[in-house]
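Student: For reference, the chains in residue letters:
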Amino acid sequence: EPEVTQTPSHQVTQMGQEVILRCVPISNHLYFYWYRQILGQKVEFLVSFYNNEISEKSEIFDDQFSVERPDGSNFTLKIRSTKLEDSAMYFCASNPDRTDTQYFGPGTRLTVL
Amino acid sequence: AQSVTQLDSQVPVFEEAPVELRCNYSSSVSVYLFWYVQYPNQGLQLLLKYLSGSTLVKSINGFEAEFNKSQTSFHLRKPSVHISDTAEYFCAVSIIQGAQKLVFGQGTRLTINP
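Those sequence lines, one after another, are chains Y and P.
Under my numbering, the first residue of the first sequence carries the number 24, and numbering increases by one thereafter.
Under my numbering, the first residue of the second sequence carries the number -8, and numbering increases by one thereafter.
Worth flagging that the hints you see were computed from the coordinates, not collected in a lab.
Note that CB positions come from ideal geometry on N, CA and C, so glycine has one too.
Some hints here could point you the wrong way.
Unchecked claim - Here chain P is said to cover these stretches of chain Y; the calculated rule only asks that three of the stretch's residues, wherever they fall, bring their Cβ under 8 angstroms from a Cβ of chain P:
| hint | region |
| --- | --- |
| 1 | 50 to 60 |
| 2 | 88 to 100 |
| 3 | 117 to 125 |
| 4 | 128 to 136 |
What the hints assert, rightly or not - A few chain Y positions that, by computed beta-carbon distances, are all more than 10 angstroms from chain P:
| hint | residue |
| --- | --- |
| 5 | Q34 |
| 6 | V35 |
| 7 | R45 |
| 8 | E79 |
| 9 | S81 |
| 10 | K106 |
| 11 | L107 |
| 12 | D109 |
Model the full structure from these sequences, guided by the hints.
Tutor: Take a look at the structure:
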């Protein structure tokens, strides 16, 4: 069964460094999402992406964040200058149609020191 | 804006006992409703969803949830749990019109004791 994959599974970085989290959505899916979950808190929506542009973003998704689909398979989340409060589990999701079930990847745990 | 409340952060039950995980939502527009499950060290997996039609929806592993519009609830139930049901369960909503972001509740950790 096709699945969403994410790399790396765990990323440790120093405050102020740039990180890129990578996702490979399911191949025939057209809508892509990033969510995050700070330890002990809710899963929060960050951004949705369709047709090579952002379709919606939350207030968390400020200028430090960007997303890109650099080729036909990858979907990336970049944080330009990480802060301690960016430490969280980041989940990628995709669906073939915006009304369909979102399929989630296993997540990348980002630790900012 | 939408919000989801899961009243119980942790629910311990004995194996083969029934369980109910509660979920209430708030929205000024119509929503779709979802339950996702997260097993240890894994991602979120869809357990079941309500889009329209029958208000009682069922999963393949014995869970069911009932949409109650008047009480704005979507509680998850299972008549007899197994050790393998140990996981965190998340209730979520998305609006029917427009963007499809999921709004999640805080999650309920279900622990099954032998």
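Student: All the hints need checking, so say for each whether the structure fits it.
Tutor: Right, here's what the structure says about each hint:
{"no.": "1", "hint": "50 to 60", "in the structure": "holds (count 3)"}
{"no.": "2", "hint": "88 to 100", "in the structure": "violated (count 0)"}
{"no.": "3", "hint": "117 to 125", "in the structure": "holds (count 5)"}
{"no.": "4", "hint": "128 to 136", "in the structure": "holds (count 3)"}
{"no.": "5", "hint": "Q34", "in the structure": "holds, 16 angstroms"}
{"no.": "6", "hint": "V35", "in the structure": "holds, 18 angstroms"}
{"no.": "7", "hint": "R45", "in the structure": "holds, 15 angstroms"}
{"no.": "8", "hint": "E79", "in the structure": "violated, 4 angstroms"}
{"no.": "9", "hint": "S81", "in the structure": "violated, 8 angstroms"}
{"no.": "10", "hint": "K106", "in the structure": "holds, 23 angstroms"}
{"no.": "11", "hint": "L107", "in the structure": "holds, 22 angstroms"}
{"no.": "12", "hint": "D109", "in the structure": "holds, 19 angstroms"}
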